[in-house]
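Heads up: the protein sequence lines correspond to chains D and H, in order. For the first sequence, this note's numbering assigns the number 54 to the initial residue and increments by one for each residue that follows. For the second sequence, this note's numbering assigns the number 54 to the initial residue and increments by one for each residue that follows.
Don't take every hint at face value.
Stated by the list, open to error - Chain D regions said to be covered by chain H (calculated; three or more residues, Cβ under 8 Å):
id	stretch
1	187 to 195
2	303 to 313
3	340 to 354
4	398 to 411
Unchecked claim - In the DSS-like style, the derived pairs of lysine-lysine whose C-alpha atoms are separated by at most 25 Å in a straight line are:
id	chain 1	residue 1	chain 2	residue 2
5	D	283	H	210
6	H	316	H	304
7	D	160	H	406
8	D	160	H	283
9	D	188	D	304
Quick caveat, the hints were computed from the structure, so don't treat them as lab data. This structure is a prediction, so every number in the text was calculated from the model and none was measured. C-beta atoms are modelled at their ideal positions from N, C-alpha and C, and glycine is treated no differently.
2 protein chains.
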Amino acid sequence: MRVHNFSAGPAVLPEEVLKEAQEELLSYQGIGLSVLEMSHRSAEFKEIMEDARNRTLKLMGLGDDYTTLFLQGGASLQFYMIPLNFCPEDKVVNMIDTGAWSSKAIKEIKLLNKKLHIAASSEDKNFTYIPKEWKLSENPAYLHITTNNTIRGTEWKTDPDIPDNIPLIADMSSNFLSKPLDFSKYDLIYGGAQKNIGPAGATFVIIKKSLLEKQNPGMSTMMDYNTHIKKDSAFNTPPCFAIYIIGKVLKWIEDNGGLEGMKKRNEEKADYIYNILDESDFYQGTVVPEDRSMMNIPFRLPTEELEKKFIAEAADNGMLTLKGHRSVGGCRASLYNSLPMQAAQDLAEFMQKFEKKNK
Amino acid sequence: MRVHNFSAGPAVLPEEVLKEAQEELLSYQGIGLSVLEMSHRSAEFKEIMEDARNRTLKLMGLGDDYTTLFLQGGASLQFYMIPLNFCPEDKVVNMIDTGAWSSKAIKEIKLLNKKLHIAASSEDKNFTYIPKEWKLSENPAYLHITTNNTIRGTEWKTDPDIPDNIPLIADMSSNFLSKPLDFSKYDLIYGGAQKNIGPAGATFVIIKKSLLEKQNPGMSTMMDYNTHIKKDSAFNTPPCFAIYIIGKVLKWIEDNGGLEGMKKRNEEKADYIYNILDESDFYQGTVVPEDRSMMNIPFRLPTEELEKKFIAEAADNGMLTLKGHRSVGGCRASLYNSLPMQAAQDLAEFMQKFEKKNK
Numbered sequence: 054m055r056v057h058n059f060s061a062g063p064a065v066l067p068e069e070v071l072k073e074a075q076e077e078l079l080s081y082q083g084i085g086l087s088v089l090e091m092s093h094r095s096a097e098f099k100e101i102m103e104d105a106r107n108r109t110l111k112l113m114g115l116g117d118d119y120t121t122l123f124l125q126g127g128a129s130l131q132f133y134m135i136p137l138n139f140c141p142e143d144k145v146v147n148m149i150d151t152g153a154w155s156s157k158a159i160k161e162i163k164l165l166n167k168k169l170h171i172a173a174s175s176e177d178k179n180f181t182y183i184p185k186e187w188k189l190s191e192n193p194a195y196l197h198i199t200t201n202n203t204i205r206g207t208e209w210k211t212d213p214d215i216p217d218n219i220p221l222i223a224d225m226s227s228n229f230l231s232k233p234l235d236f237s238k239y240d241l242i243y244g245g246a247q248k249n250i251g252p253a254g255a256t257f258v259i260i261k262k263s264l265l266e267k268q269n270p271g272m273s274t275m276m277d278y279n280t281h282i283k284k285d286s287a288f289n290t291p292p293c294f295a296i297y298i299i300g301k302v303l304k305w306i307e308d309n310g311g312l313e314g315m316k317k318r319n320e321e322k323a324d325y326i327y328n329i330l331d332e333s334d335f336y337q338g339t340v341v342p343e344d345r346s347m348m349n350i351p352f353r354l355p356t357e358e359l360e361k362k363f364i365a366e367a368a369d370n371g372m373l374t375l376k377g378h379r380s381v382g383g384c385r386a387s388l389y390n391s392l393p394m395q396a397a398q399d400l401a402e403f404m405q406k407f408e409k410k411n412k
Numbered sequence: 054m055r056v057h058n059f060s061a062g063p064a065v066l067p068e069e070v071l072k073e074a075q076e077e078l079l080s081y082q083g084i085g086l087s088v089l090e091m092s093h094r095s096a097e098f099k100e101i102m103e104d105a106r107n108r109t110l111k112l113m114g115l116g117d118d119y120t121t122l123f124l125q126g127g128a129s130l131q132f133y134m135i136p137l138n139f140c141p142e143d144k145v146v147n148m149i150d151t152g153a154w155s156s157k158a159i160k161e162i163k164l165l166n167k168k169l170h171i172a173a174s175s176e177d178k179n180f181t182y183i184p185k186e187w188k189l190s191e192n193p194a195y196l197h198i199t200t201n202n203t204i205r206g207t208e209w210k211t212d213p214d215i216p217d218n219i220p221l222i223a224d225m226s227s228n229f230l231s232k233p234l235d236f237s238k239y240d241l242i243y244g245g246a247q248k249n250i251g252p253a254g255a256t257f258v259i260i261k262k263s264l265l266e267k268q269n270p271g272m273s274t275m276m277d278y279n280t281h282i283k284k285d286s287a288f289n290t291p292p293c294f295a296i297y298i299i300g301k302v303l304k305w306i307e308d309n310g311g312l313e314g315m316k317k318r319n320e321e322k323a324d325y326i327y328n329i330l331d332e333s334d335f336y337q338g339t340v341v342p343e344d345r346s347m348m349n350i351p352f353r354l355p356t357e358e359l360e361k362k363f364i365a366e367a368a369d370n371g372m373l374t375l376k377g378h379r380s381v382g383g384c385r386a387s388l389y390n391s392l393p394m395q396a397a398q399d400l401a402e403f404m405q406k407f408e409k410k411n412k
């Protein structure tokens with residue numbers, strides 16, 4: 054029996070993908086060895102890698118002015134690499150702070166002694182909304198946003214409009230490929246794969262090649278995006294198995310209607326839960342309605358005691374990982390691409406029953 | 054049918070480990086979700102992580118003055134992080150250059166503008182031996198060696214004797230846990246897991262905690278070993294599935310006699326091949342006998358044409374990845390821990406038959 058997995062990441066994967074991986078685990082396509090043991094220089098793995106890289110761009114509707122990398126170290130390493138590469142001494146990193154993850158990215162800019170400008174922040178209201186206005190500094194190196202805040206449950210609904218000559222960089226860890234977007238507005242998009250497109254262990258970086266013209270000189274090899282671009286994302290041994298699973302998830306996204314299909318599916322799942330938050334005075338959403346995330350839905354119950362009881366009873370009913378992030382408390386349901394519709398339906402039903410019993 | 058996989062890495066894994074992973078792929082220990090989808094903050098994953106970290110130290114005979122980290126980015130990222138953390142401005146990195154991998158590590162020290170001293174090098178004889186003497190600089194930050202050269206097939210048979218107050222750091226990517234060693238002589242040991250202890254995607258770092266006293270201030274978060282130590286190797290999302298497989302391989306090593314068992318097994322496998330190189334004038338080893346690696350055995354045939362034929366016919370007989378590294382050509386058999394005895398026997402037999410037919 055499989056449970057419903059509402060984890061914020063690493064998160065649920067399509068059962069079909071896991072079944073395929075299981076069948077092939079001792080012998081990939083009958084060649085007599087596992088992807089777990091396969092040379093990253095083999096013809097088979099090169100095909101797996103190119104397939105995953107190409108499917109990513111195709112789903113995003115991007116051409117060959119962009120390239121896909123699957124690196125390691127998560128968004129956390131990108132927080133360091135991006136300013137290191139793309140903020141020269143005379144320029145200023147512009148950040149929009151929407152909580153936790155942007156705050157961590159901001160910390161690294163300070164540690165690197167780069168000039169920093171907070172173009173907007175929603176800290177005044179405890180990061181419960183997405184800023185609608187911002188003010189860029191003089192001489193901006195780039196503007197950085199976090200398109201979905203996993204912890205707070207806020208999500209950008211439009212792409213920020215900024216002058217074309219200022220690079221736009223986005224951490225899309227928790228809503229990547231969950232809906233159609235004009236990805237061509239962005240110069241660099243990155244995130245951990247372990248939420249919407251695969252298991253832990255790979256970091257997607259989609260980069261517009263022209264951004265490299267703005268790169269600082271003298272980068273160390275592994276810190277230099279060019280190193281990875283020139284070697285087709287295999288300068289050093291890549292996280293092969295994670296990339297193999299990502300390829301399967303990307304194919305699953307295609308087979309399920311692509312990004313339009315994901316949006317429809319994700320909206321429908323989120324509606325099950327948000328409808329309850331709106332109709333009930335037992336459950337309280339924590340985010341202003343217009344900025345609510347389709348991916349992560351935080352909510353509170355009347356007391357912390359009831360929250361504990363809710364999380365425990367849900368687990369007893371096969372609905373796992375509904376606890377909110379330790380920094381904010383409460384409950385949170387994450388409804389990434391791969392979460393089945395049935396999981397959202399079952400959670401909604403459970404929430405209604407729990408309310409009746411405990412009101 | 055499983056083939057014999059002589060890949061230099063990612064490399065063969067024990068079939069038992071793969072079978073266990075296959076059984077659990079949709080539901081780890083019956084909990085209803087896969088390790089591929091498991092929160093890194095879950096009780097189950099924390100146990101997997103602690104188990105792998107503890108088994109590593111136990112196999113090495115190290116106490117709690119050391120700690121194990123499973124990071125990302127491979128040895129290549131360590132080439133950068135180590136001098137960044139442990140070489141202050143007034144000190145000098147001391148390196149022993151045994152080819153390819155040490156050379157790459159040396160390149161990063163230069164890119165960081167750190168002072169560098171080559172304490173010894175075997176470049177004079179094309180890296181076909183391990184230097185037996187070295188000369189440290191004034192004010193050494195540390196001495197760095199590569200204990201096994203995957204490409205050249207050389208291996209350190211003794212630990213270098215240096216004064217206690219000078220940290221000894223080793224890249225053990227390709228012979229880690231292949232034999233007993235006095236690991237307590239080393240202050241930092243690192244490498245990619247994908248050769249002897251697991252799949253691609255995790256980097257083992259065994260660090261003596263006292264080394265942290267010598268750390269440079271102001272490190273960026275992800276570059277700072279302390280970040281990872283303080284958070285039990287899970288500051289950011291770790292490569293969960295790779296660590297899970299590593300845990301199983303470590304248990305397999307224990308079940309097969311520990312490091313003594315591995316040494317016996319690896320020597321026996323290597324002997325099959327080295328005996329042929331010694332007895333034949335058709336096959337030529339490329340390394341001085343006293344420094345021959347138990348892990349990677351490069352050899353040449355009389356002509357490049359015969360080498361191509363050998364590699365192709367071996368593949369037809371289910372013996373894969375016997376091509377030498379592109380930088381040196383020829384043939385190479387890698388015989389890591391998990392390679393079954395039968396594979397070495399079959400290769401030896403095939404080599405003899407091939408010689409008879411083609412001499």
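Going down the list of hints, with the structure as the test:
no.	hint	in the structure
1	187 to 195	violated (count 0)
2	303 to 313	violated (count 0)
3	340 to 354	violated (count 0)
4	398 to 411	violated (count 0)
5	D:283 / H:210	violated, 37 Å
6	H:316 / H:304	holds, 16 Å
7	D:160 / H:406	violated, 63 Å
8	D:160 / H:283	holds, 18 Å
9	D:188 / D:304	violated, 40 Å
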